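A.B. asks: The primary structure of each chain is shown beneath.
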Amino acid sequence: MGFLQRLKDGLKKTKEGFVDKVTNIFTGRTNIDDELFEELEEVLIQADVGVKTTFTLIDKLKDDVEKEEITEPEELMQYFQKELKSLLQNDEGGFNFDKDLNIIMVVGVNGAGKTTTIAKIAGRYKDQDKKVMLAAGDTFRAGAIEQLQIWGDRLGVNVIAQQEGSDAAAVAYDAVQSARAKGVDLLIVDTAGRLHTQTNLMEELKKVKRVIDREAAEIKAGVEVLLVLDATTGQNAISQAKLFNDAVNVDGIALTKLDGTAKGGIVIAVKNELQIPIKLIGVGEAAEDLQNFDPDEFIKALFSSEE
Amino acid sequence: MIFSSLAEKLQDTFDKLRGKGKLTEKDVKAALKEVKMALLEADVNYKVVKDFISKIEERAVGKEVMESLTPGQHVIKIVNEEMQELMGGSKEDIAISSEPPTIIMMVGLQGSGKTTSAGKLARKLSKDGKNPLLVAADVYRPAAIRQLQVLGERLELPVFSMGEDSNPVDIAKGSINYAASHNCDTIILDTAGRLHIDQEMMEELENIKGTVEPDEILLVVDAMTGQDAVNVAKNFDQRLDIDGIVLTKMDGDARGGAALSIKAITGKPIKFAGTGEKLADLETFHPDRMSSRILGMGDVLSLIEKAEKSIDQEKAKALEEKLRKNEFTLEDFMEQMEQVRNMGPMDEILGMIPGMGGAKQLKNMQVDDKQLDYIEAIISSMTPEERRDPEVINGSRRKRIAQGSGTSIQEVNRLLKQFRQIKKMMKQLNSGKMKKGGGLNLPFFN
Ligand SMILES: Nc1nc2c(ncn2[C@@H]2O[C@H](COP(=O)(O)OP(=O)(O)OP(=O)(O)O)[C@@H](O)[C@H]2O)c(=O)[nH]1
Ligand SMILES: [Mg+2]
Numbered sequence: 001m002g003f004l005q006r007l008k009d010g011l012k013k014t015k016e017g018f019v020d021k022v023t024n025i026f027t028g029r030t031n032i033d034d035e036l037f038e039e040l041e042e043v044l045i046q047a048d049v050g051v052k053t054t055f056t057l058i059d060k061l062k063d064d065v066e067k068e069e070i071t072e073p074e075e076l077m078q079y080f081q082k083e084l085k086s087l088l089q090n091d092e093g094g095f096n097f098d099k100d101l102n103i104i105m106v107v108g109v110n111g112a113g114k115t116t117t118i119a120k121i122a123g124r125y126k127d128q129d130k131k132v133m134l135a136a137g138d139t140f141r142a143g144a145i146e147q148l149q150i151w152g153d154r155l156g157v158n159v160i161a162q163q164e165g166s167d168a169a170a171v172a173y174d175a176v177q178s179a180r181a182k183g184v185d186l187l188i189v190d191t192a193g194r195l196h197t198q199t200n201l202m203e204e205l206k207k208v209k210r211v212i213d214r215e216a217a218e219i220k221a222g223v224e225v226l227l228v229l230d231a232t233t234g235q236n237a238i239s240q241a242k243l244f245n246d247a248v249n250v251d252g253i254a255l256t257k258l259d260g261t262a263k264g265g266i267v268i269a270v271k272n273e274l275q276i277p278i279k280l281i282g283v284g285e286a287a288e289d290l291q292n293f294d295p296d297e298f299i300k301a302l303f304s305s306e307e
Numbered sequence: 001m002i003f004s005s006l007a008e009k010l011q012d013t014f015d016k017l018r019g020k021g022k023l024t025e026k027d028v029k030a031a032l033k034e035v036k037m038a039l040l041e042a043d044v045n046y047k048v049v050k051d052f053i054s055k056i057e058e059r060a061v062g063k064e065v066m067e068s069l070t071p072g073q074h075v076i077k078i079v080n081e082e083m084q085e086l087m088g089g090s091k092e093d094i095a096i097s098s099e100p101p102t103i104i105m106m107v108g109l110q111g112s113g114k115t116t117s118a119g120k121l122a123r124k125l126s127k128d129g130k131n132p133l134l135v136a137a138d139v140y141r142p143a144a145i146r147q148l149q150v151l152g153e154r155l156e157l158p159v160f161s162m163g164e165d166s167n168p169v170d171i172a173k174g175s176i177n178y179a180a181s182h183n184c185d186t187i188i189l190d191t192a193g194r195l196h197i198d199q200e201m202m203e204e205l206e207n208i209k210g211t212v213e214p215d216e217i218l219l220v221v222d223a224m225t226g227q228d229a230v231n232v233a234k235n236f237d238q239r240l241d242i243d244g245i246v247l248t249k250m251d252g253d254a255r256g257g258a259a260l261s262i263k264a265i266t267g268k269p270i271k272f273a274g275t276g277e278k279l280a281d282l283e284t285f286h287p288d289r290m291s292s293r294i295l296g297m298g299d300v301l302s303l304i305e306k307a308e309k310s311i312d313q314e315k316a317k318a319l320e321e322k323l324r325k326n327e328f329t330l331e332d333f334m335e336q337m338e339q340v341r342n343m344g345p346m347d348e349i350l351g352m353i354p355g356m357g358g359a360k361q362l363k364n365m366q367v368d369d370k371q372l373d374y375i376e377a378i379i380s381s382m383t384p385e386e387r388r389d390p391e392v393i394n395g396s397r398r399k400r401i402a403q404g405s406g407t408s409i410q411e412v413n414r415l416l417k418q419f420r421q422i423k424k425m426m427k428q429l430n431s432g433k434m435k436k437g438g439g440l441n442l443p444f445f446n
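Protein sequence lines correspond, in order, to chains A and B.
If you read the first sequence in the UniProt record's numbering, its first letter stands for residue 1, the second for the next number, and so on.
If you read the second sequence in the UniProt record's numbering, its first letter stands for residue 1, the second for the next number, and so on.
What the hints contain is simulated information worked out from the structure, not anything from laboratory work.
Careful, some of the hints might be misleading.
Said to hold, decoys possible - Quick list of in silico lysine-lysine cross-link-like pairs, DSBU-like style, CA-CA up to 30 Å:
(1) B:29 with A:62
(2) A:82 with B:36
(3) A:206 with A:182
(4) A:207 with B:278
Stated by the list, open to error - Interface residues of chain A toward chain B, partial, derived using beta-carbon atoms under 10 Å:
(5) 45
(6) 52
(7) 146
(8) 148
(9) 194
(10) 232
(11) 240
(12) 261
(13) 263
(14) 265
Model, not experiment: these values are computed from the prediction.
We put the beta carbon where it would ideally sit given N, CA and C, even for glycine.
Throw the hints in and build the complete structure from the sequences for me.
C.D. replies: Here it is as structure tokens:
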């Protein structure tokens, strides 16, 4: 079931048992007490917002209560929503391509959804009549090149590939040259999944980025690095974002697998701590299951539950 | 490190209440607040944490603090015991069918590591003398079959597939005949990743299960999973009655609290841990190591246990006597050192001490195995008299000792200085503060 469908269903269910947990916390009582904050803590933590961000938020609210002399729980809810939104502000979602050739390098840990997200982005811009090209930069994982090629065939998009085991930077180099020669608008470079703690693999990633940067500079192409995070991930996403950002300067995040029951709240912490904007969300396995990130919708979904 | 260590925080909490005989409710609450934070930071599910903490509180309040431990360590000990109990004691192996083939079915979310784990398991089983057959039942993800075939080639093991236009149930069924005719005694089914709430796809797994009746259904879970681990595990277990869990990507820096959540929710054992991308990177799961990892405190408990085991209690008593009378000599020093060394390689032991896990700190540490070799060489080059009374060691003796031990005068000096400091410390301890051998029995690490 797609995310939109889920949201629609969700809205329909408002009357019949679809629960907004946060609203319940604030409207179901007359006093602002410890229990309220504890329930809020529970909801935030269970959405993977993370310990640190959760307690920062709760401390802020407690301050608000004191300073603004708030006594009504419902009034406090408005403060809560304001604080939460301010954490995600300025995130418009989507890309802003303004060069003749735009290059996206996609990075992330194993199994996060990089290759699928690439296919989804390619599908979207192909539909907008852009000339799209893919580069099979995962030369490591068994079957990774074929996986991208199958997507390329399905979407009718050119895939630049070498053999398994070849140098990923060389693939990227080839791809940029080819993209330039063929007048491509958007080149998306896949990379092998790697744990952010594997220093040698992170060095290799830096090298791929250097090659892309160098070749792009020559032809004034735009380059951006997209980090793919799995919404099922907990606190480790912060470490992932930090280390990938240190290595290759992440410009944006794609949050995948939001069609499950995981809430992906950890991106709030990531945003809060690293100021990396969230651009896209993945809501399924098909090419069309990609949406621009929308803070309001995201927050709404964060606290909803079907009970 | 992103997470400040629990052990350090507990240290702060307990510095204020050193020397108390019993754990009061207030002490325990203060300590458990830190434990709760640590567990949440490790991604243990909120509800699981809540239950767990209240159980510990019940157990800990009023407990007499064990002689050899500080109150903080005692609470950690209880926490750790409870955690280990929760996560299951000893290792559990795969059920082997009395009548071949043994069928193992891998299930889990997308991207959790099923295919790689299937390959790793095949390798392990073949090393154990089995003849495994890998079965490509993921017909959905592009090139998933190809991925398994490549792994099979690398392992030189057969892979059964019927292409991606067949039904996974038929593939599973077909693999049994194939196994029989190819002399394979074990079948490993690699199924497609799926969401636990995807009814149709979950039914597919139920159908495979109903058709081939696997001996072992393993749920593959990513160690980085957050709060949602409970939903995933609950659903898969309810639908399929899984037999165990494989925890993947343990080579990263995730604390892996999902392990605790899943065990608490399903009661099913975690059987294997994936520790790298290579096919050899599969380990039997160790609940004890996992609890320390989740708590973010190194293997502090293992250290305490090891210390208790390898330090000869008789000798320890004699030593305590000597310490009390201030008769501690370099000979005793060497003996103590040997006992410490019996616990294992130095870097490993140091790695278990909270706050010393980071490689950087280890590098700055002056004590490594080589250093200990030097110390031993130096002391053995001394005469018995010198060992008993280092004060007699003058300049020319130092030179002799340095030469005899193949070290330098500076190193001899450093050892003598360290020894003097230790004696001074002992004296202070004897003069009152340390009545009952508090702290670890390892004076040289304090
Ligand atoms: N339900 C769901 N599944 C997804 C989504 N995005 C990707 N997947 C699935 O997750 C699995 C892994 O996706 P890949 O795109 O291969 O992930 P990757 O990061 O390229 O993986 P590696 O190259 O192995 O590191 C596949 O089964 C995808 O179909 C999503 O938004 N929702
Ligand atoms: Mg990939």
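A.B. asks: With reference to the structure, classify each hint as holding or not holding.
C.D. replies: For each hint, the structure was consulted:
With a C-alpha separation of about 22 Å, the suggested pair residue 29 of chain B and residue 62 of chain A falls inside the 30 Å cut-off, and the hint holds. At most 30 Å may separate the alpha-carbon atoms for a hinted pair to count; residue 82 of chain A and residue 36 of chain B meet this at roughly 28 Å. Taking the CA atoms of residue 206 of chain A and residue 182 of chain A, the gap is near 26 Å; set against the 30 Å cutoff, the hint holds. A hinted pair counts as satisfied when its Cα atoms are at most 30 Å apart, and residue 207 of chain A with residue 278 of chain B qualifies at roughly 23 Å.
The interface hint given for residue 45 of chain A is met, as the beta carbon of that residue sits about 5 Å from the closest beta carbon of chain B, less than 10 Å. Contact between residue 52 of chain A and chain B, as hinted, is supported at the beta carbon level, the nearest pair being about 8 Å apart and thus within 10 Å. This hint holds: residue 146 of chain A has a C-beta 4 Å from the nearest C-beta of chain B, less than the 10 Å allowed. Checking residue 148 of chain A against chain B by beta carbon gives a least distance of about 8 Å; that is within 10 Å, so the hint holds.
Because the smallest distance between the Cβ of residue 194 of chain A and any Cβ of chain B comes to about 8 Å, under 10 Å, the interface hint for this residue holds. Look at residue 232 of chain A: its Cβ gets to within about 5 Å of chain B, closer than 10 Å, so that hint holds up. Nearest Cβ of chain B to the Cβ of residue 240 of chain A: about 8 Å, under the 10 Å cut. The hint holds. For the restraint placing residue 261 of chain A at the interface with chain B, the shortest Cβ-Cβ distance is roughly 5 Å, inside the 10 Å limit, so the hint holds.
For residue 263 of chain A, the suggested interface contact is upheld, since its CB lies about 7 Å from the closest CB of chain B, less than 10 Å. Look at residue 265 of chain A: its Cβ gets to within about 8 Å of chain B, closer than 10 Å, so that hint holds up.
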